[in-house]
Amino acid sequence: MLIRPFKAVRPRADVADQVAALPYDVYDRAEAATAVQGKPLSFLNIDRPETQFAPDADMYADAVYAKGRALLEERIEDGTYVTDETPGFYLYELVMDGRSQVGIVACCAVDDYLGGTIKKHENTLEKKERDRIRHIDALDAQTGPIFLTYRDDASVDVLVAEVRSREPLYDFTSEDGIAHRAWAVSDAAEVERLAAAFSAVPAAYIADGHHRAASAVKVGLKRREEHPDYTGDEEFNFFLSVLFPASQLAILPYNRVVHDLNGMEPDEFLARLETRYEILHAQETPLEPIDKGAAALYMQGKWYGLGVRPEFENDHPVDGLDASLLQNLVLDPLLGIDDPRTNERIEFVGGIRGLRELERRVRVLDAARSADDLAARGPAAAFALYPTAIGELLAVADAGLLMPPKSTWFEPKLRSGLFIHRLS
1 MLIRPFKAVR
11 PRADVADQVA
21 ALPYDVYDRA
31 EAATAVQGKP
41 LSFLNIDRPE
51 TQFAPDADMY
61 ADAVYAKGRA
71 LLEERIEDGT
81 YVTDETPGFY
91 LYELVMDGRS
101 QVGIVACCAV
111 DDYLGGTIKK
121 HENTLEKKER
131 DRIRHIDALD
141 AQTGPIFLTY
151 RDDASVDVLV
161 AEVRSREPLY
171 DFTSEDGIAH
181 RAWAVSDAAE
191 VERLAAAFSA
201 VPAAYIADGH
211 HRAASAVKVG
221 LKRREEHPDY
231 TGDEEFNFFL
241 SVLFPASQLA
251 ILPYNRVVHD
261 LNGMEPDEFL
271 ARLETRYEIL
281 HAQETPLEPI
291 DKGAAALYMQ
301 GKWYGLGVRP
311 EFENDHPVDG
321 LDASLLQNLV
331 LDPLLGIDDP
341 RTNERIEFVG
351 GIRGLRELER
361 RVRVLDAARS
371 ADDLAARGPA
381 AAFALYPTAI
391 GELLAVADAG
401 LLMPPKSTWF
411 EPKLRSGLFI
421 HRLS
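This note's numbering puts the first residue of the sequence shown at 1, with every later residue one more than the last.
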């Protein structure tokens with residue numbers, strides 16, 4: 001596949017730790033507003049420019065996107081950001097709990113996405129795309145890299161190891177304890193070698209950032225319409241990515257909280273659940289699923305260890321996923337949650353937040369419900385899942401299939417603002 005060097009707009013080394021920000025979509029509006037307080041250089045100010053307005057202002061107004069553009073230009077003009085003079089690649093390493101993952105920062109081709117060389121495993125929502133399309137268009141830049149993975153390649157590994165032996169551009173630890181390092185690949189011969197090595201990689205897979213990828217591609221197509229004489233070499237034909245070898249990645253579970261039991265009493269629900277999952281044990285302390293097919297239920301202060309019954313095990317790339325089994329065996333037929341993307345009775349909780357967060361959310365939901373409502377709908381409940389394996393993700397994408405929504409949670413998250421790709 002094609003990777004292309006670019007002239008990055010990036011922060012000075014002495015302020016990189018102040019600029020780097022978690023992706024825009026890990027925050028709700030109130031959380032984003034709190035996160036930027038006292039942090040004028042945080043890229044979240046640019047990524048979520050509604051934080052510069054009153055809490056009740058329309059966050060999708062033209063003036064909000066224009067503010068993002070203005071803030072970016074201010075940071076370039078005051079020297080917070082520098083622009084590299086020659087196109088190059090970069091390496092970006094993140095270390096979490098002693099585990100290192102090193103990705104290649106590059107631009108990938110819109111046409112590789114359209115043609116299926118860059119594969120996806122998840123549907124996107126048009127509403128979420130529209131915001132990022134407008135953000136990219138207003139800034140005339142891509143600021144949030146797409147998190148891609150590929151099957152390990154020995155030739156690429158050798159070149160990456162050579163670059164990592166040098167002094168890094170950036171080396172800092174973020175507030176959450178994640179170590180971040182970056183290196184430049186600017187020598188023309190090295191750039192050519194790395195691009196040539198990657199040309200033998202048959203495909204890349206979107207690990208995280210399906211909406212960012214779809215939005216970047218749609219901006220590229222929009223620019224093509226606006227420039228019918230385009231050659232294919234323009235920057236808008238490419239989008240900002242970081243590509244990691246699959247062996248280095250870890251996927252955390254993506255857990256579920258349901259607001260009620262669809263009118264069932266707890267005993268009735270457990271009895272119906274037991275026709276699909278064996279209830280292996282019950283306890284008051286949290287239960288972590290330890291194998292594929294295992295799950296845990298939290299309800300009314302008690303945890304139940306679950307194992308899918310053998311007759312429901314499935315080797316289909318999608319239907320056999322733990323998230324699919326829970327959806328198809330429990331959430332839809334028992335709890336009436338037929339479309340988890342749109343049903344307001346379900347919440348998704350990334351595994352990084354831990355099992356105690358599931359307990360907290362269930363308690364909050366139960367406390368907020370009146371006695372009458374509780375009797376009518378049943379208590380809230382949470383399901384902890386075993387994490388999807390990276391091999392399962394690749395198999396689904398290779399088969400041209402899609403996972404259920406919220407099947408994977410990748411950690412650590414790439415920081416936005418360290419590398420920016422200008423479109424013109």
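Honestly, the hints are just simulated from the structure, not real lab data. Check the hints yourself; a few may be wrong.
Here are the in silico distance ranges between beta carbons for each label pair [stated by the list, open to error]:
| no. | residue 1 | residue 2 | range |
| --- | --- | --- | --- |
| 1 | 279 | 176 | 32 to 40 Å |
| 2 | 187 | 61 | 41 to 49 Å |
| 3 | 268 | 203 | 25 to 33 Å |
| 4 | 29 | 126 | 28 to 36 Å |
| 5 | 2 | 268 | 50 to 58 Å |
| 6 | 290 | 70 | 29 to 37 Å |
| 7 | 37 | 399 | 44 to 52 Å |
| 8 | 279 | 200 | 46 to 54 Å |
All residues carry an ideal CB built from backbone N, CA and C; glycine is no exception.
We went through each hint and held it up to the structure:
{"no.": "1", "hint": "279 to 176: 32 to 40 Å", "verdict": "36 Å, holds"}
{"no.": "2", "hint": "187 to 61: 41 to 49 Å", "verdict": "45 Å, holds"}
{"no.": "3", "hint": "268 to 203: 25 to 33 Å", "verdict": "47 Å, violated"}
{"no.": "4", "hint": "29 to 126: 28 to 36 Å", "verdict": "20 Å, violated"}
{"no.": "5", "hint": "2 to 268: 50 to 58 Å", "verdict": "56 Å, holds"}
{"no.": "6", "hint": "290 to 70: 29 to 37 Å", "verdict": "51 Å, violated"}
{"no.": "7", "hint": "37 to 399: 44 to 52 Å", "verdict": "46 Å, holds"}
{"no.": "8", "hint": "279 to 200: 46 to 54 Å", "verdict": "50 Å, holds"}
Hints 3, 4, 6 from the list above are not met by this structure, while the remaining hints are.
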